[in-house]
Amino acid sequence: MIIQILIPLVILGVLGVIFGSLLGFASKKFAVPEDPLFPKLRDVLPGANCGGCGFAGCDAYARAVASGEAQPGKCPVGGSACTQAMSTILGVETVQEAPQVAFVHCSGTCEATSDRFQYHGVLSCREAAMLPGGGQKACAYGCLGFGSCEQVCPFDAIHVIQGVAVVDEANCKACGRCVKECPKHLISLIPKDTKVRLACANAERGKDVKMVCEAGCIACGLCVRSCEAKAIQMVNNLPKIDAALCTGCGACAEKCPVSALHRVTQEA
Amino acid sequence: MASILTIIISSVFVNNFVMSQFMGICPFLGVSKKLDSAVGMGLAVTFVMTVASAFSNLAYTLILVPLEKEYLYTIVFILVIASLVQFVEMVIQKISPALYSSLGVYLPLITTNCAVLGVAVLNMQSGYNLVESIINGFAGGLGFMMGIVLFAGIRERTAHNRILSCFEGFPIALISAGLMAIAFLGFQGLV
Chain W
1 MIIQILIPLV ILGVLGVIFG SLLGFASKKF AVPEDPLFPK LRDVLPGANC
51 GGCGFAGCDA YARAVASGEA QPGKCPVGGS ACTQAMSTIL GVETVQEAPQ
101 VAFVHCSGTC EATSDRFQYH GVLSCREAAM LPGGGQKACA YGCLGFGSCE
151 QVCPFDAIHV IQGVAVVDEA NCKACGRCVK ECPKHLISLI PKDTKVRLAC
201 ANAERGKDVK MVCEAGCIAC GLCVRSCEAK AIQMVNNLPK IDAALCTGCG
251 ACAEKCPVSA LHRVTQEA
Chain E
1001 MASILTIIIS SVFVNNFVMS QFMGICPFLG VSKKLDSAVG MGLAVTFVMT
1051 VASAFSNLAY TLILVPLEKE YLYTIVFILV IASLVQFVEM VIQKISPALY
1101 SSLGVYLPLI TTNCAVLGVA VLNMQSGYNL VESIINGFAG GLGFMMGIVL
1151 FAGIRERTAH NRILSCFEGF PIALISAGLM AIAFLGFQGL V
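If you're matching them up, the sequences are chains W and E in order. The numbering of the first sequence is this note's numbering, which starts it at 1 and goes up by one. The numbering of the second sequence is this note's numbering, which starts it at 1001 and goes up by one.
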């Protein structure tokens, strides 16, 4: 009886030991030398695997940097500290890139705009945007407010507040997930120090905008005339601010009759 | 000679592992987006199936039969195949890093690829000897490779077609796989 149990145990045990030692030998024999830079670089990276650098994850990016295919400084999460550390490991000069932040180009809150109909479908912007007219919002350009961006954000940095997505700039790492997710293409990455920002994407003008949203840009052009630096031009019925010329005086934001232009006061 | 030809035709066409026995579907769907990685996966599976057939046959006839412990075949085959795949993975990583990175996570998955375990079990159940087992394993691998390469060709052609958005990606791949399986029904009764 006990023999009947012992024999299979011995067979499997012996086989296991033989295969194990063969594999152990093979792993020495066929060991692939790893780039010594790779583990160091990987340790510096934050390990968020958000894909903001354009690679499949932190491992892939570290490997690409180690083999010289990519430059340090692509990691939006680690920011300048991470770039500094990677450059030190590689022994190259730090290339500083201006920190970026995601920004939602819409201010159509529940108060400012309204719904054309009641939507009872799947609570996802992508689904809603497939409806005729591009969703339930009266403004065909505006934020649908179902929070698809909120769901994809790995850093809990974007939230739908009063029907419009708002970026929490302290937490935003500019990985660009929400930019890709938004079916209305309302979110873009802008330099963090951009002083005046346009929170509207409606390309109509005047009455057509006023009918659907009180906070929408009506393309009146007051901002263009009020700008002393001549940094603003009207493109597609929306003001386009030349960042190189803008002094951040905020005259345009003060003049704007619908407050679609925001002046951001930076504490830092 | 005639029986060997029968084995080959049977496992390449009639009892094709993917198309009529539905084994090894995971790599079949996972690595069939590009033709060249499908060829690599097909070659890896063919190789593993051939070697697994040989070693599982040896393990069965030399260890289990003399000791009258035939009922242990499943766990012994798993042990043999898992060690083999580990070994193949190490060799591929050393010899061809490009193939290694293109196969990615699917190479360890060959371990749990039921086509590999299936061929070992089928060899044993059909009472094949060593030579017949090796031939059956090799032909089964060839059949798998033919299936995955044909399928990758179809997926490459349809990748940029305008497809209803609800069918994009895996749904259309599953539908084309089903159509291919129906086409392979035509070989039924050949052997």
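Derived from the structure by calculation, the hints contain no laboratory data. On a predicted model such as this, the values are computed, not experimentally measured, just so you know. It is possible that part of the hints are untrue.
What the hints assert, rightly or not - Result set (SDA-like, lysine to any residue): computed pairs, CA atoms no more than 25 Å apart in a straight line:
1) 29(W) <-> 1096(E)
2) 1034(E) <-> 64(W)
3) 1069(E) <-> 16(W)
4) 1034(E) <-> 57(W)
5) 1033(E) <-> 1043(E)
6) 28(W) <-> 1094(E)
7) 1033(E) <-> 1108(E)
8) 192(W) <-> 208(W)
9) 29(W) <-> 1087(E)
10) 1069(E) <-> 2(W)
11) 1094(E) <-> 35(W)
12) 1069(E) <-> 257(W)
13) 28(W) <-> 1095(E)
14) 207(W) <-> 229(W)
15) 1094(E) <-> 23(W)
16) 1094(E) <-> 30(W)
17) 230(W) <-> 257(W)
18) 1094(E) <-> 42(W)
19) 28(W) <-> 1088(E)
20) 40(W) <-> 1097(E)
21) 28(W) <-> 1034(E)
22) 1033(E) <-> 64(W)
23) 40(W) <-> 1090(E)
24) 1033(E) <-> 49(W)
25) 1069(E) <-> 6(W)
26) 180(W) <-> 1161(E)
27) 29(W) <-> 1101(E)
28) 1033(E) <-> 55(W)
29) 1069(E) <-> 11(W)
30) 1094(E) <-> 34(W)
31) 180(W) <-> 1164(E)
32) 28(W) <-> 1101(E)
33) 1033(E) <-> 1114(E)
34) 1033(E) <-> 222(W)
35) 1034(E) <-> 55(W)
36) 1094(E) <-> 57(W)
37) 1094(E) <-> 18(W)
Unchecked claim - Below, a sample of chain W positions facing chain E; criterion: calculated Cβ distance under 10 Å:
38) 19
39) 30
40) 89
Even glycine gets a Cβ: it sits at the ideal position worked out from N, Cα and C.
Hint-by-hint comparison with the structure:
1. 29(W) <-> 1096(E): 15 Å, holds
2. 1034(E) <-> 64(W): 23 Å, holds
3. 1069(E) <-> 16(W): Cα-Cα ~16 Å, so holds.
4. 1034(E) <-> 57(W): 22 Å, holds
5. 1033(E) <-> 1043(E): Judged against 25 Å, a Cα distance of about 16 Å means the pair holds.
6. 28(W) <-> 1094(E): 11 Å, holds
7. 1033(E) <-> 1108(E): 19 Å, holds
8. 192(W) <-> 208(W): 32 Å, violated
9. 29(W) <-> 1087(E): 11 Å, holds
10. 1069(E) <-> 2(W): 15 Å, holds
11. 1094(E) <-> 35(W): 14 Å, holds
12. 1069(E) <-> 257(W): 88 Å, violated
13. 28(W) <-> 1095(E): Holds, at roughly 14 Å.
14. 207(W) <-> 229(W): The hint is violated at about 29 Å.
15. 1094(E) <-> 23(W): 14 Å, holds
16. 1094(E) <-> 30(W): 6 Å, holds
17. 230(W) <-> 257(W): 19 Å, holds
18. 1094(E) <-> 42(W): 22 Å, holds
19. 28(W) <-> 1088(E): With a Cα-Cα distance of about 14 Å, the restraint between residue 28(W) and residue 1088(E) holds, given a limit of 25 Å.
20. 40(W) <-> 1097(E): With Cα atoms ~21 Å apart, residue 40(W) and residue 1097(E) stay inside 25 Å; holds.
21. 28(W) <-> 1034(E): 33 Å, violated
22. 1033(E) <-> 64(W): 24 Å, holds
23. 40(W) <-> 1090(E): 24 Å, holds
24. 1033(E) <-> 49(W): Since the Cα atoms of residue 1033(E) and residue 49(W) sit roughly 24 Å apart, the hinted pair holds (cutoff 25 Å).
25. 1069(E) <-> 6(W): 12 Å, holds
26. 180(W) <-> 1161(E): 23 Å, holds
27. 29(W) <-> 1101(E): 20 Å, holds
28. 1033(E) <-> 55(W): 19 Å, holds
29. 1069(E) <-> 11(W): 9 Å, holds
30. 1094(E) <-> 34(W): 11 Å, holds
31. 180(W) <-> 1164(E): The hint holds at about 21 Å.
32. 28(W) <-> 1101(E): Holds - the C-alpha atoms of residue 1101(E) and residue 28(W) are around 20 Å apart, at most 25 Å.
33. 1033(E) <-> 1114(E): This hinted pair holds, its Cα atoms lying about 21 Å apart.
34. 1033(E) <-> 222(W): Violated, at roughly 54 Å.
35. 1034(E) <-> 55(W): 20 Å, holds
36. 1094(E) <-> 57(W): The hint holds at about 24 Å.
37. 1094(E) <-> 18(W): 22 Å, holds
38. 19: Holds. Min distance 4 Å.
39. 30: 4 Å, holds
40. 89: Not OK, violated: residue 89(W) not within 10 Å of chain E, min 23 Å.
Comparing the model with each numbered hint stated earlier shows that hints 8, 12, 14, 21, 34 and 40 do not hold.
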